[in-house]
Amino acid sequence: MPVSSPVPLRYDPQSWGFYRDPFSVYAALRAHAPVHREPLLDGELVCSTHADVKAILRDPAFIPCDLAASVSIHAGPGNTHLPAIQSALDATVLLQSGQGHQLARRDFARVLGQRTMRESGALAERLVTELFADARARGGFDLVKDFADLLPFHFMAEFLGVPRTDVPFLMDCCERVVVALFRRHCSRTEYVQLNSQIALALDHLESLFRERRTRPREDGLTRMLRQEDGEATVSDRHLAARVYFIFMVGVETTVTFLGSSLLALLENPEETARWRQGDVGAETAVEELLRYTSPVQATLRVATAEREIRGVHVPPGQRVCALLASANRGNGAHRDPTRRLAPSSANHS
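Residue numbers for the sequence shown, in UniProt numbering: 1 to 349.
Just so you know, the hints here were simulated from the structure itself, not pulled from any lab data. Glycine included, C-beta positions come from ideal geometry on N, C-alpha and C. Incorrect hints may appear among the rest.
Restricting the straight-line Cα-Cα distance to at most 20 Å, the calculated cross-link-like pairs of lysine to aspartate or glutamate (DMTMM-like) are [unchecked claim]:
no. : residue 1 : residue 2
1   : 145       : 175
2   : 54        : 308
3   : 145       : 287
4   : 145       : 119
5   : 54        : 287
6   : 54        : 42
7   : 54        : 306
8   : 54        : 21
9   : 54        : 44
10  : 145       : 267
11  : 145       : 134
12  : 145       : 172
Pairwise CB distance ranges, derived in the manner of DEER restraints [stated by the list, open to error]:
no. : residue 1 : residue 2 : range
13  : 9         : 58        : 25 to 35 Å
14  : 146       : 121       : 34 to 44 Å
15  : 268       : 331       : 40 to 50 Å
16  : 278       : 316       : 23 to 33 Å
17  : 129       : 166       : 14 to 24 Å
18  : 58        : 192       : 17 to 27 Å
Based on the sequences and whatever the hints tell you, model everything.
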């Protein structure tokens, strides 16, 4: 099977056309080029079907892409002078592989433990009530800017013990990093500016950890310090980077999910009515909206051994882009993958 389609398909996540309607691009890739080599992304293999994406994610030969190495390449000579970016990347679980990935996941599971997460429902409900009260007082609000953007940041700030007054600053820092990561290819100047912004955030978070060492509280920051007792190799800088990671990744995906799901429900009142009437349970609705909106659109993997995907040879070192959002709307993801609140019976990607 040919790697590219007979038509000039392009997977360019930075283009305006893709930004406006990525799912049309995904559908075209599934139909014409399920394994597509994209020259705009240095020859990455882009895989779009449910079966292929599922196989890639389950194959231990495909490991998470080392974005730190990519940053080093594109930042140019002297990238060692970007310590804040390096600290953030070192603490980013999704960009680590092997034992480091497992240890980082274990650490976060301890901080965000079952007991504390069970207690989070009341916190989320209180924050939603406050945001809606503010909207009523103003006579209305922007669903994304005044709700979807704010709720996850305020929730995580209170959960961890970060002052609410810090939220606007952290929101700005996280947005800059997420944009840079999705662009993949930033200029040297942009990386230097980004490094300065991250450094300010890490400096402030470090100051919060110093405060907790002298005045501990019952919050996430204090739990992180307690679990690190005896690990002299873990610095306050690294702990600050871990908190930054929680904001950057955990909050960003929630913002995207809330905004996309609310828009999908508003655009499809018949589906919303099914939920309100009890035809679809709340858990099923959330699962299906996660599948349908796919807040994480894609994930990068690197082959560590020779593989073959639909007849295409994949050598060690080949970068593979697994399009999660495309897979979740393709055949095999669901009996009716284009329906938003269809009864759940699928094996999601």
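Cβ distance range 25 to 35 Å for residue 9 and residue 58, holds or violated: Between residue 9 and residue 58, where Cβ atoms are some 26 Å apart, the hint holds.
Assessment of proposed distance window 17 to 27 Å (beta carbons of residue 58, residue 192): violated, 39 Å
Quick one, are residue 54 and residue 42 close enough, alpha carbons at most 20 Å? Distance of about 23 Å is beyond 20 Å: violated.
Does residue 172 lie within 20 Å of residue 145 when you go C-alpha to C-alpha? holds, 13 Å
Looking only at beta-carbon atoms, does the pair residue 278, residue 316 fall within the given range of 23 to 33 Å? With Cβ atoms ~52 Å apart, the hint is violated.
Are residue 145 and residue 287 close enough, with their CA atoms no more than 20 Å apart? violated, 24 Å
Hinted pair, alpha-carbon criterion (20 Å max): residue 54, residue 44. Please report holds or violated. With Cα atoms ~18 Å apart, residue 54 and residue 44 stay inside 20 Å; holds.
Holds or violated: are the alpha carbons of residue 54 and residue 308 at most 20 Å from each other? holds, 14 Å
Are residue 145 and residue 119 close enough, with their CA atoms no more than 20 Å apart? Violated, because 26 Å separates the two Cα atoms, which is more than 20 Å.
Checking one constraint from the list: CA of residue 54 to CA of residue 306, max 20 Å. Satisfied? holds, 18 Å
May I ask you to test the hint 34 to 44 Å on the CB atoms belonging to residue 146 and residue 121? Given range 34 to 44 Å: violated, Cβ gap about 22 Å.
Is residue 145 within 20 Å of residue 267, Cα to Cα? Measuring from Cα to Cα gives roughly 18 Å; hence the hint holds.
When each numbered hint is compared with the structure, violations occur for hints 3, 4, 6, 8, 14, 15, 16, 18.
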